[in-house]
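A.B. asks: Listed here are the chains, written in short residue letters.
Number of protein chains: 2
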Amino acid sequence: MISVQEAEKLILDSIGEIETETVALDATLGRCLREPISADRALPPFDRATLDGIAINSSAYNTGQRKFQIHGTAAAGAPQQELPDIKSCLEIMTGAPLPKLADCVVRIEDVDITAKTATLKDNLQLEYHTAVHGQGSDCKTGDELLTPNRRLTAKEIAIAASVGKSEIAVSKSPNIAIVSTGDELVSIDQIPESHQIRRSNDITLSAALVSAGFPNVELVHIPDDPELIETRLRELTARCDAIVLAGGVSKGKYDYIPETLAKLGVSIRFQWVSQRPGKPMWYGQFSRDGSRLPVFALPGNPVSCFTCLRRYVIPALEKWTGLPPSKPLYAKLTHDLTFKPEITLFLPASTDPRPSGELWAKPVLFNTSGDFISVAQTDGFLELPKTRSIFPEGEPFQFYPWPR
Amino acid sequence: MISVQEAEKLILDSIGEIETETVALDATLGRCLREPISADRALPPFDRATLDGIAINSSAYNTGQRKFQIHGTAAAGAPQQELPDIKSCLEIMTGAPLPKLADCVVRIEDVDITAKTATLKDNLQLEYHTAVHGQGSDCKTGDELLTPNRRLTAKEIAIAASVGKSEIAVSKSPNIAIVSTGDELVSIDQIPESHQIRRSNDITLSAALVSAGFPNVELVHIPDDPELIETRLRELTARCDAIVLAGGVSKGKYDYIPETLAKLGVSIRFQWVSQRPGKPMWYGQFSRDGSRLPVFALPGNPVSCFTCLRRYVIPALEKWTGLPPSKPLYAKLTHDLTFKPEITLFLPASTDPRPSGELWAKPVLFNTSGDFISVAQTDGFLELPKTRSIFPEGEPFQFYPWPR
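Each protein sequence line maps, in turn, to chains D and H. Sequential numbering of the first sequence, starting at 0, is according to numbering that gives the first Met the number 0. Sequential numbering of the second sequence, starting at 0, is according to numbering that gives the first Met the number 0.
Rather than coming from a laboratory, the hints here were simulated on the basis of the structure. The structure presented is a predicted model; accordingly, all values stated were derived computationally and were not measured. A couple of the hints might just be wrong.
One copy or two, either will do: identical chains are not told apart, so a pair holds if it fits within one copy or between any two.
[Claimed, not checked] Derived pair list, reagent style DSS-like, types lysine-lysine, alpha-carbon separation capped at 30 Å:
id	residue 1	residue 2
1	115	326
2	278	139
3	326	361
4	120	339
5	278	120
6	86	385
7	385	339
8	385	99
9	66	361
10	278	99
11	115	139
12	262	99
13	66	278
14	120	326
15	120	385
16	66	115
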């Protein structure tokens, strides 16, 4: 039985980097950027008015002039104009290029306009580039604005759009099969017999993977029949980039999965992790076309399955697709806690962010690894190290938020 | 000019509750639950083995018996069996119903099986329901497991699936038009003239809304032509549930938007908020079929636009769809800061969660509201209140994470 840290390291060390593909910018949300994004021109590309008003030369105002003749309007989207002389002005709209000979913008609230004359208030603070976003002040041509290997969220998409990247190189989105087995499972819309339960692990893992940014998921249910299991798994190893098994991985007589996978070339890297929940978890890999592809076999108990997905599978998929690890979060325990077994405890907890800037977490003491009801009231779990058994109120531990 | 808090209150107070619709469970991720989810039977529905091993009666073991004759196998998914007598056993698989006369499960690691006999180790702690998840221990029939008005994430979907909700009542996903205007804007794949810029606000707002759980978004660009603006806005107010305008809302000569919207029955609730960035923002509503529908007019500067979306639009959409407000987060400033104007500052910042359980945030001092480049290096923004001008290192302020 290996530790949580050993299991994590074995998985992450074995994971390479998935291929790159080029997709339209509006399809990149949540994907991992795989090329540098550079400025194709200086930004802003011209001296740009930051508000509506009049464009003047500040030296005229600062030497006492208050009335300026208006010679027209500088609109956003129109080419740069020019003042007839430094004693005149143009009306100007937010986003418009500052006219030649002007060097600042006076906001409309500080101007009284009658007929063709703008009269300015006294005591305005006007100087070179007041209310002007100077050409090149954000970046120069060729500046690297985004480095590769980061998640494309709205703000990265904003930058890519502004420099004209209508297509962009991103990591491929792995095609993930979620495989459930077990004859005790019936579909959600059936009324189960008393010895049966509804199949919920697959839809839960699927939702969690989609939330975590891995939408390319398919659900596969296989009855407890050795021949069918082999046929379906053979097909999945030929076609899918990753396999996540929910159940069928412990030591039971009817757990055909491990031997079938071995037959199909999946080599197990480890099984049994000193953790609760999720002890029977195993991890393996298979080769296809020169790539090593991951197989995660998660325990069938719903909470075990979900916790292992969060703790191991999602970080592995993030690494595989080139995403940086999330910043680790830490939260303080709201209660004293004793946990005797020498294994790591993943303790579902509800966060309590306080106005002091401290993050606290209130653990939910769930009765077994099958109890999803109390877990639904939590935001994630605290990881309590296996080397200890007493965990005092107020001590911080690493906190893993659930996917949402 | 109203305060940030007044603007927030005016918006949230004006927002009602959107209609409900029933959708398939696998399409509910991120939606707001609008019906209670109750247990259709006790869970677990039977005394359920939590691991693989043998099912025995603990009194036999505790009175000294170590060898148990194996009378068969209890598999997950098969109906409940019965021990021939309390001195015998069945092999049992995780998830299987505990046989009658048995009262606990001994894990396979503690049993030596030869031919038809199981020999148990000494000194095992066995008692009633060891390794058994008792019938009804998670919930009784009719227990309310999920209350309405919460976001459906993977863990809520797990519960809904386990009680057979293959369809579920959720809030309608509002159909949101993102309208950009301005003749200075060209499409992403064009090479702009020096006085033009690429259109990035719409794709950015769209990505942010999708990330925040509002995927039903369409992008509409309208040139600066009063007739076209009226035609398109008329069509959008007839058809869309919400309108978000990016730009065209300040006091400029070519900003036809406010007067056109007024003509179409949109009444402005407020304009001008004492905040940086985002001062010119306004908010209005229009009526259609007895519902009051929101119009958010955000300033055209990219950072202003994005910040106002996060601060006002997303919380409004959350309230409208019945979602509870997010737990407020607080982070401590990593640097002393002075900000003179008597307006609220939304200060982009990069979080630094520390092992102490404290959340810190490092502000990025961006030069203007048009500079998205430095904002892309942040995780969200701190809200610094307008009543102060000195903000010392170590003081906590409310932190708003960017959508991701």
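A.B. asks: Which constraints among the numbered hints does this structure fail? Numbers only, ascending.
C.D. replies: 1, 6, 8, 9, 11, 12 and 14
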